[in-house]
Amino acid sequence: MNSNSTYQPSNDSLSAPSGYHEEFHRNLMQKLERDEWQNEAPVLASLNKPRELLAPDNYFAALPELVQNKLSSGKVVSIQSRLWFRLAAAAAIIALVVNFLRPDTNEFSGEISLSEVEQSTLDNYLDVEFSAYLDEDDLAEIVSNENNRSFSFSASTEELTLYLEEEADTDDMAELFAEN
Amino acid sequence: MIEKSDKELLALFLQGDNANKAFSLIVQKHQRKLYAIIRRVLIDHDDTNDVLQNTFIKAWNGLSSFREEAQLSTWLYRIASNETLSFLRQSKRDRHLSIDQLYTDSNYSVGNAIGPSAEEIEKKLHHAIQQLPEKQRLVFTMKYYEDLTYEQMSDILGTSVGALKASFHIAAKKIEEEITNGALNLSPANASNNK
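Same order as they appear, the protein sequences are chains A and B. Positions 1 to 180 (the working numbering) are the ones given, in order, by the first sequence. Positions 1001 to 1195 (the working numbering) are the ones given, in order, by the second sequence.
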C-alpha cells in the first residue's frame, strides 16, 4: 500500500505530478514514525526483520479463479464458529451493563473514579486496551462468574455504548435479540 | 500491460457486464499485500487462505455499494483486518504450534543468509508477537512489517491515531522485554551482531 508510487507525471512542468504531495506526506510520516518507534524500542529496531512468509507456488495465480468459483457456486468458506459462546458472552455483557448502570450518576461504580484518571489515559484505555484485552478468556470468566461485581474500571454510558457498538458482532446481536 | 487503477476497476465492475473480470483484476491487484499482512498475524497458510477468501467474498458482496469515501485498498484492508480479528477470536488454536511448524517449512527455511543465532532470535520474536492481544498484534504487524502510517492504520481500523500509537508502543515494549529475557539476553549491540 505504501511502497507503490501512485502519482502520474503532469503535463504542466511547473506543477507537481498528480499525487506527489500525498505520497511525499506519507513517505515523510513513515520516516518520522519509524524514527520515533526505533528510538523507543532500540533492541527491536536493531533486529533483522523476519523473512517474508511465502505462499505455496502458484497460489496467487490460482486465487482469483478460486474466489470466482466460490462466488458462482454460492459456497462461502466458513470459519469455525462458536456462536453459542459468543451469544452467551454478549448476553452476559449486556446484563452487566444493565446491572451496573447507576441511574443517578450514569456511571459505573468501580475502584477508580473518572475524576482520578486523565481523559487521554482513559481514552487510550477504552479505545485500545479494553477492546484489545477483552478476549474470549475474559468473556469466559464473565460468563462463568455471573456474580462477579469487582470491575476495576470506570466509564461513562456513552463510552460503553460506543465500545459495544464497535466490538459486538451485529449478526450475532441480531440473532440474539431475535431469539429473545 | 499497464495495471488499471482502482477507480477504473471499480467503474468496470459497476458497469455490470464485466463485473467478474473486473473483480478478478481487483483480486489480482491486492491479493499479495492482503495475504502478507494476514499471514504475518495468523502465521499458518491455510488459515490465511480461509481469511483471504472470506475477505474477497465480503468485498464482492459489498463492492456495489462501495462509495469511494475511502480508497479501495483501505476498504479491502479494513475487511481483511476485521476478518483476521474475527478469525482470531473464534479460533483458539495453539499459535505456538503454527510457529514451530513454520520453522520446519521448506518454503521458509531456504537460503543461508541467516545464521542459527539469528534464527533463534527470529523465532523468539515470532513467539513474542503471538503473545500479544489480537488487536495489538494487528497494530504491531501493520506498523512493524508493513510500515503503514498511523493515519493509514486509523483509516483501516477506525481507531484514533493516539490510541494506535499507544497500542504500538505497548506492543513494542512487551516484545522487547520478551526477546531480551532469558538465554538470549540481547542488548542492541548484541542484536546487531546477529545481522
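No wet-lab data here; the hints were simulated from the structure. Treat each hint with caution, since some may be false.
Some, not all, of what chain A presents toward chain B, calculated at C-beta under 8 Å [unchecked claim]:
hint, residue
1, L14
2, R34
3, E52
4, L63
Calculated cross-link-like contacts (lysine-lysine; reagent style DSS-like; alpha-carbon spacing at most 27 Å) [stated by the list, open to error]:
hint, chain 1, residue 1, chain 2, residue 2
5, A, K49, B, K1173
6, A, K70, B, K1021
7, A, K49, B, K1058
8, A, K49, B, K1174
9, B, K1058, A, K70
10, A, K31, B, K1029
11, A, K49, A, K70
12, A, K49, B, K1123
13, A, K31, B, K1173
14, B, K1123, A, K70
15, A, K31, B, K1021
16, B, K1004, B, K1029
17, A, K31, B, K1165
18, A, K70, B, K1004
19, B, K1029, A, K49
20, A, K70, B, K1165
21, B, K1033, B, K1058
22, A, K49, B, K1004
23, B, K1058, B, K1004
24, B, K1033, B, K1004
25, B, K1007, A, K70
26, A, K31, B, K1033
We treat Cβ as the ideally placed atom computed from N, Cα and C, and that holds for glycine.
Now the hints, each set against the structure:
With a cut of 8 Å, the hint placing L14(A) at the interface with chain B is violated, because the nearest CB-to-CB distance is about 25 Å. For the restraint placing R34(A) at the interface with chain B, the shortest Cβ-Cβ distance is roughly 7 Å, inside the 8 Å limit, so the hint holds. Here the hint on E52(A) is kept, as its CB sits about 7 Å from the closest CB of chain B, short of 8 Å. About 6 Å separates the beta-carbon of L63(A) from the nearest beta-carbon of chain B, less than 8 Å, and the hint is met.
With a C-alpha separation of about 16 Å, the suggested pairing of K49(A) with K1173(B) holds against the 27 Å cut-off. A threshold of 27 Å between alpha carbons decides the hint, and for K70(A) with K1021(B) the separation of about 15 Å falls inside it, so the pair holds. Restraint check: the Cα-Cα separation between K49(A) and K1058(B) comes to about 32 Å, which exceeds 27 Å; the hinted pair is violated. Among the hinted pairs, K49(A) with K1174(B) is consistent with the structure: their alpha-carbon atoms are about 17 Å apart, no more than 27 Å.
The straight-line distance between the Cα atoms of K1058(B) and K70(A) is roughly 12 Å, inside the 27 Å bound, and the hint therefore holds. Taking the CA atoms of K31(A) and K1029(B), the gap is near 26 Å; set against the 27 Å cutoff, the hint holds. A threshold of 27 Å between alpha carbons decides the hint, and for K49(A) with K70(A) the separation of about 35 Å lies outside it, so the pair is violated. Between the alpha carbons of K49(A) and K1123(B) the distance comes to roughly 11 Å, so the proposed pair stays at or under 27 Å and holds.
This hinted pair checks out: K31(A) and K1173(B) have alpha carbons roughly 20 Å apart, not beyond 27 Å. Simply put, K1123(B) and K70(A) have alpha-carbon atoms about 35 Å apart, too far for the 27 Å limit, and the pair is violated. At roughly 38 Å between alpha-carbon atoms, K31(A) and K1021(B) are farther apart than 27 Å, so this suggested pair is violated. At most 27 Å may separate the alpha-carbon atoms for a hinted pair to count; K1004(B) and K1029(B) meet this at roughly 9 Å.
Between the alpha carbons of K31(A) and K1165(B) the distance comes to roughly 15 Å, so the proposed pair stays at or under 27 Å and holds. Of the supplied pair hints, the one linking K70(A) and K1004(B) holds, its CA atoms being roughly 24 Å apart against a limit of 27 Å. Taking the CA atoms of K1029(B) and K49(A), the gap is near 25 Å; set against the 27 Å cutoff, the hint holds. For the suggested pair K70(A) and K1165(B), the alpha carbons sit about 38 Å apart, so the restraint of at most 27 Å is broken.
Restraint check for K1033(B) and K1058(B): satisfied, since their Cα atoms lie roughly 17 Å apart, inside the 27 Å limit. With a C-alpha separation of about 32 Å, the suggested pair K49(A) and K1004(B) falls outside the 27 Å cut-off, and the hint is violated. Taking the CA atoms of K1058(B) and K1004(B), the gap is about 22 Å. The hint holds against a cut of 27 Å. Distance check on the hinted pair: K1033(B) and K1004(B) sit about 17 Å apart at the alpha-carbon level, within 27 Å; holds.
Straight-line distance between C-alpha atoms of K1007(B) and K70(A) comes to about 25 Å, which keeps the hinted pair within the 27 Å bound. For a cut-off of 27 Å, the pair hint linking K31(A) to K1033(B) stands: about 20 Å separates their Cα positions.
Checked against the numbered hints above, the structure violates hints 1, 7, 11, 14, 15, 20, 22; every other hint is satisfied.
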